[in-house]
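Engineer: Chains as they are written, first to last, in this note's numbering: chain E, 1 to 392; chain V, 1 to 175; chain B, 1 to 388.
The set of hints was computed from the structure by calculation and includes no laboratory data.
Heads up, the beta-carbon is just placed ideally off N, CA and C, and yes, glycines get one too.
Careful: at least some of the hints might be erroneous.
Footprint (simulated), chain B over chain V, 3 or more residues, beta carbon under 8 Å [claimed, not checked]: (1) 40-48; (2) 107-116.
Computed list of chain V residues with no C-beta within reach of chain B, every gap over 10 Å [unchecked claim]: (3) R68; (4) K152; (5) K160; (6) P173.
The lines below spell out each chain.
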Amino acid sequence: MSSLGSQWRCGFLRRVAVVGVGVTPLKPATPEVSYKELIFDAALKAYADAGVNPRRDVESFVCSSEDFYEGTSIFDEYVPDQVGGAQKPVCTISADGIYSLANAYMQILTGLFDVVAVEAHSKASDIVNISPVYDLALDPVYVRPLGLNANFVGGLEMNAFLHSSRANLAHCNMVIEKNRKNALSNPLAMNSTYAAPTRARVLSYPLFMEDVAPLADGAAVVVLAAEDIARNLRDDPVWLAGVGWASDSPNLETHDWDKATYAALAAKQAYRQAKISNPADEIQVAEVDDTYSFKELQHAEALKLASDGRAHQMLEHGLYDFDGGLPVNPSGGSIGMGHTLEMSGLVRVIEVVQQLRGAAGRHQVAGEVEKGVAQAWRGVPTASGAVVVLSR
Amino acid sequence: MEALSKTKPSKPFEPAGTGLKEEDLEHHKVLTIAYQPMVKYAWATGVAIGRFLDGLRAGEILGTKCDRCGRIAVPPRIFCEWCFKRSGEWIKLPDTGTVNTFSISYIATDTTRLKTPTIPAVIEIDSAGHAGFLHIIGEAKPEEVRIGMPVKAVWADPEKRKGSITDIRHFKPIR
Amino acid sequence: MLIKKRVAVVGAGMTKFMRRAQETGKELAFEAARQALDSAGMRIQDVDSVALGSAPDAFDGVHMKGEYLLDGAGAWQKPYSRNFVGGGTGVFSAIHGWWHVASGLFDTCLVVAEEKMSSCLPHPQTAFLTIFDNMIERPLGPNLIWIFALEMQRYMQKHKIPKEQIAQVAVKNKRNALDHPSAQIPRAATLQDIMNSEVLAWPVQRLDISPVSDGACAVLLASEDVARKITDSPVWIDGVGWNLDTTYWTNRDLYFPRYVANAARMAYDMAGITNPRKQIDFAEPYDPFDYKELHHMEGLLLCRKGEAPKLTAEGVTERDGKLPICPSGGLLGVGNPIAAAGLMKVCELFWQLRGEAGKRQVAGDPRTAVAQAWGDLMQIGTVVVMHA
Chain E
1 MSSLGSQWRC
11 GFLRRVAVVG
21 VGVTPLKPAT
31 PEVSYKELIF
41 DAALKAYADA
51 GVNPRRDVES
61 FVCSSEDFYE
71 GTSIFDEYVP
81 DQVGGAQKPV
91 CTISADGIYS
101 LANAYMQILT
111 GLFDVVAVEA
121 HSKASDIVNI
131 SPVYDLALDP
141 VYVRPLGLNA
151 NFVGGLEMNA
161 FLHSSRANLA
171 HCNMVIEKNR
181 KNALSNPLAM
191 NSTYAAPTRA
201 RVLSYPLFME
211 DVAPLADGAA
221 VVVLAAEDIA
231 RNLRDDPVWL
241 AGVGWASDSP
251 NLETHDWDKA
261 TYAALAAKQA
271 YRQAKISNPA
281 DEIQVAEVDD
291 TYSFKELQHA
301 EALKLASDGR
311 AHQMLEHGLY
321 DFDGGLPVNP
331 SGGSIGMGHT
341 LEMSGLVRVI
351 EVVQQLRGAA
361 GRHQVAGEVE
371 KGVAQAWRGV
381 PTASGAVVVL
391 SR
Chain V
1 MEALSKTKPS
11 KPFEPAGTGL
21 KEEDLEHHKV
31 LTIAYQPMVK
41 YAWATGVAIG
51 RFLDGLRAGE
61 ILGTKCDRCG
71 RIAVPPRIFC
81 EWCFKRSGEW
91 IKLPDTGTVN
101 TFSISYIATD
111 TTRLKTPTIP
121 AVIEIDSAGH
131 AGFLHIIGEA
141 KPEEVRIGMP
151 VKAVWADPEK
161 RKGSITDIRH
171 FKPIR
Chain B
1 MLIKKRVAVV
11 GAGMTKFMRR
21 AQETGKELAF
31 EAARQALDSA
41 GMRIQDVDSV
51 ALGSAPDAFD
61 GVHMKGEYLL
71 DGAGAWQKPY
81 SRNFVGGGTG
91 VFSAIHGWWH
101 VASGLFDTCL
111 VVAEEKMSSC
121 LPHPQTAFLT
131 IFDNMIERPL
141 GPNLIWIFAL
151 EMQRYMQKHK
161 IPKEQIAQVA
171 VKNKRNALDH
181 PSAQIPRAAT
191 LQDIMNSEVL
201 AWPVQRLDIS
211 PVSDGACAVL
221 LASEDVARKI
231 TDSPVWIDGV
241 GWNLDTTYWT
251 NRDLYFPRYV
261 ANAARMAYDM
271 AGITNPRKQI
281 DFAEPYDPFD
291 YKELHHMEGL
301 LLCRKGEAPK
311 LTAEGVTERD
321 GKLPICPSGG
331 LLGVGNPIAA
341 AGLMKVCELF
351 WQLRGEAGKR
361 QVAGDPRTAV
371 AQAWGDLMQI
381 GTVVVMHA
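Construct the entire structure; sequences and hints are all you get.
Structural biologist: This is the structure we're talking about:
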């Protein structure tokens with residue numbers, strides 16, 4: 001039982017809120033600190049934001065990591081100390097930070113805990129070349145012998161999506177331009193200057209270098225608390241209104257090439273819990289995965305922020321702009337801020353939390369922000385992702 | 001979910017699985033695919049370990065102290081994991097210690113057999129409470145090593161040190 | 001505290017544990033999952049969520065191997081995630097699945113634990129180099145056996161335990177495993193066999209170690225109302241606990257796994273167990289090495305520190321003893337496909353508490369039992385208490 005003393009005793013579904021967030025500014029490389037030190041930084045920020053002492057008040061810790069992103073096997077050995085979890089219930093989920101958030105959420109719903117912290121990080125700069133790591137995720141029997149760089153999966157998807165939705169490279173440019181410009185107002189973003197996309201280098205046609213969000217280092221911690229404790233800690237708790245996550249076929253032979261079905265399934269789950277029937281009308285801000293530029297459009301459709309084949313038209317009409325009717329990736333997304341591997345989802349979540357708190361400073365979107373959605377994709381070659389709906 | 005019918009207790013089960021023998025692979029009775037992952041990392045040692053390794057290069061064992069609980073951390077870190085507070089001062093520790101536990105190992109990392117055993121040990125560094133690190137015992141016969149044995153670091157020659165745990169070649173018994 | 005929903009295990013499945021399986025990881029996962037569903041009379045459509053556990057990706061040479069395995073685990077188009085806590089994963093997977101259902105978010109959860117170690121060449125053990133600290137340990141050229149040897153040495157010295165008493169555990173478990181249909185190479189060993197086996201890293205000898213294996217296990221979890229519709233004999237998960245100690249294992253005294261005790265207390269508290277020694281009918285602690293069974297018996301608070309070897313010598317922990325330990329035959333006897341081995345213990349509890357363990361059945365109508373796994377750098381304890 002948390003030292004903060006929950007009074008909750010009933011059987012209905014508890015409400016759970018985000019009471020603290022901490023994230024380090026994203027950087028292309030962080031040679032001066034180890035990953036432990038980077039995470040400690042984010043943890044200090046999150047616990048200060050929540051007003052909690054992790055050693056006393058946080059009862060469980062859920063961390064995201066994948067061994068091959070770290071270069072260490074059984075990486076969960078190395079997670080507890082820097083988040084304050086030594087000799088406490090700590091576990092690792094091998095997935096994006098939003099999955100860890102969902103698992104932390106479930107832990108609180110059971111009644112076992114009242115306060116749980118979630119951690120995710122990226123030390124991409126410690127990986128000398130990430131391509132062999134991505135390639136290692138390809139099926140060893142059916143796909144790797146083809147000897148292709150894993151980005152080819154992105155290229156195939158992009159081609160199928162553009163063909164089926166009738167979007168084109170100009171729309172992908174719009175995504176890149178929008179997100180790079182949005183990032184200029186975001187002090188956490190990696191880049192402080194704007195450059196228009198030039199499409200100078202092809203990666204795996206129609207995927208160009210610029211369609212791929214650049215890698216970044218960073219760490220993020222989010223603190224969740226059950227309702228009564230959340231209300232004691234903050235005047236502005238941000239509620240988890242719904243969570244969902246899903247995996248489509250992991251085999252490329254049965255991969256859904258034009259649609260992000262995993263995101264649609266995850267969103268359906270989250271929206272049902274959040275009682276959202278018309279997302280495009282009821283959501284005021286969306287942070288979706290844009291690891292590749294076209295994915296933002298594909299995910300927007302999966303999340304029903306546009307009907308199928310229409311996201312690029314919404315984009316054209318400025319609906320998704322920072323000052324549009326439904327800002328998508330006001331943070332700048334991964335394209336603008338930097339791509340932090342499995343931490344990406346938490347970066348999206350933290351942005352939505354700040355928007356709902358009215359604390360996003362120079363990148364605060366206009367109008368009353370009541371509900372927001374954050375979404376993650378686990379990257380090539382997966383068809384897995386998670387969605388969380390947050391509300392005031 | 002449809003209406004479910006209750007099951008009777010399960011019968012003793014027949015576990016699935018087809019075991020293979022080494023000969024099945026050697027005689028190509030099954031198809032195999034080989035792949036060598038070539039993944040490289042260059043880890044930032046960061047503030048704490050970076051300084052610790054610099055210390056080793058200079059022939060010193062460094063630790064950090066927590067101002068709140070007084071614990072000395074070796075290997076050093078920038079925070080005390082018990083107090084969750086930034087560490088205080090850096091301390092130069094003696095290069096002597098005590099064997100906390102040890103083993104006599106006849107197998108190498110790649111599982112091949114060693115003629116001369118390696119003696120890994122956890123060395124508690126003097127004056128650091130029971131804190132210490134993993135290293136090797138050298139200049140000792142296996143049968144003379146014991147828990148509680150006092151040992152001293154044997155350093156590599158200064159020009160050969162490169163800021164690595166192997167700048168200490170091994171720990172030898174203090175006789 | 002009030003847990004939202006009571007959760008039961010309603011089905012279990014397990015493949016053979018083999019040194020080298022022809023089946024791929026996906027196929028192993030499928031076989032176990034299929035069997036778990038069949039044993040409960042359920043279909044994959046009845047499964048609301050899937051939780052998978054599997055130990056290092058380095059064994060398979062597949063990055064994000066949780067993704068690779070998900071179709072075999074029945075997770076297609078379902079909410080699916082993978083937990084990973086080293087050797088603790090097998091039992092932890094049941095806990096991971098437990099909170100899916102106990103939260104009220106899902107009615108059912110299929111828990112799958114799979115391990116295919118044989119793909120790793122020249123030997124799965126070589127993959128373990130990378131579990132050591134990348135900066136200050138790997139340059140020393142460590143071998144996995146080192147950490148067990150260092151811990152075993154400390155435990156033996158602290159309590160002055162003769163090696164024979166430790167080896168007795170291997171004798172017991174290998175004998176118990178003769179009655180387990182999944183056992184890798186069911187072969188009894190005498191005390192002399194163990195004591196004469198090749199020294200790898202003193203005090204560890206070859207037969208102190210459980211055999212490396214491929215295999216998979218699965219259990220189907222359901223919330224109370226659903227469980228009672230599926231079966232007349234659900235087995236309740238009434239206590240869960242897990243605890244991860246500091247990474248700095250060289251700053252800790254290894255003679256006692258305090259993190260296992262922490263996890264056990266958490267699980268016992270939840271299950272309302274105040275006197276584990278009296279209230280636990282039998283236990284399946286994690287036994288990758290023979291001394292670990294003893295270490296964990298003490299960590300599980302089933303006896304005093306240093307007392308476990310004595311209980312073993314007195315026959316208390318035999319299958320027909322007062323406190324049977326590893327009636328399944330454990331990892332030492334059945335095999336050690338890391339994550340699957342832990343879940344195997346949960347499966348054993350399920351079968352024993354329903355009276356379905358056949359020749360392994362513990363007498364006296366057991367009602368309450370505990371399964372435990374352990375892992376990382378002598379660091380994590382994962383515990384479940386189950387009740388018939």
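Engineer: Determine for every hint whether it applies to the structure shown.
Structural biologist: Evaluated hints:
1. 40-48: Coverage by chain B holds here, the residue count being 3 at a Cβ distance below 8 Å.
2. 107-116: holds (count 5)
3. R68: 16 Å, holds
4. K152: Label holds. Min Cβ-Cβ 18 Å, cutoff 10 Å.
5. K160: The assertion about K160/V holds, with a minimum of 14 Å to chain B.
6. P173: P173/V is indeed farther than 10 Å from all Cβ atoms of chain B, at 17 Å.
Taken one by one, the earlier hints all hold for this structure without exception.
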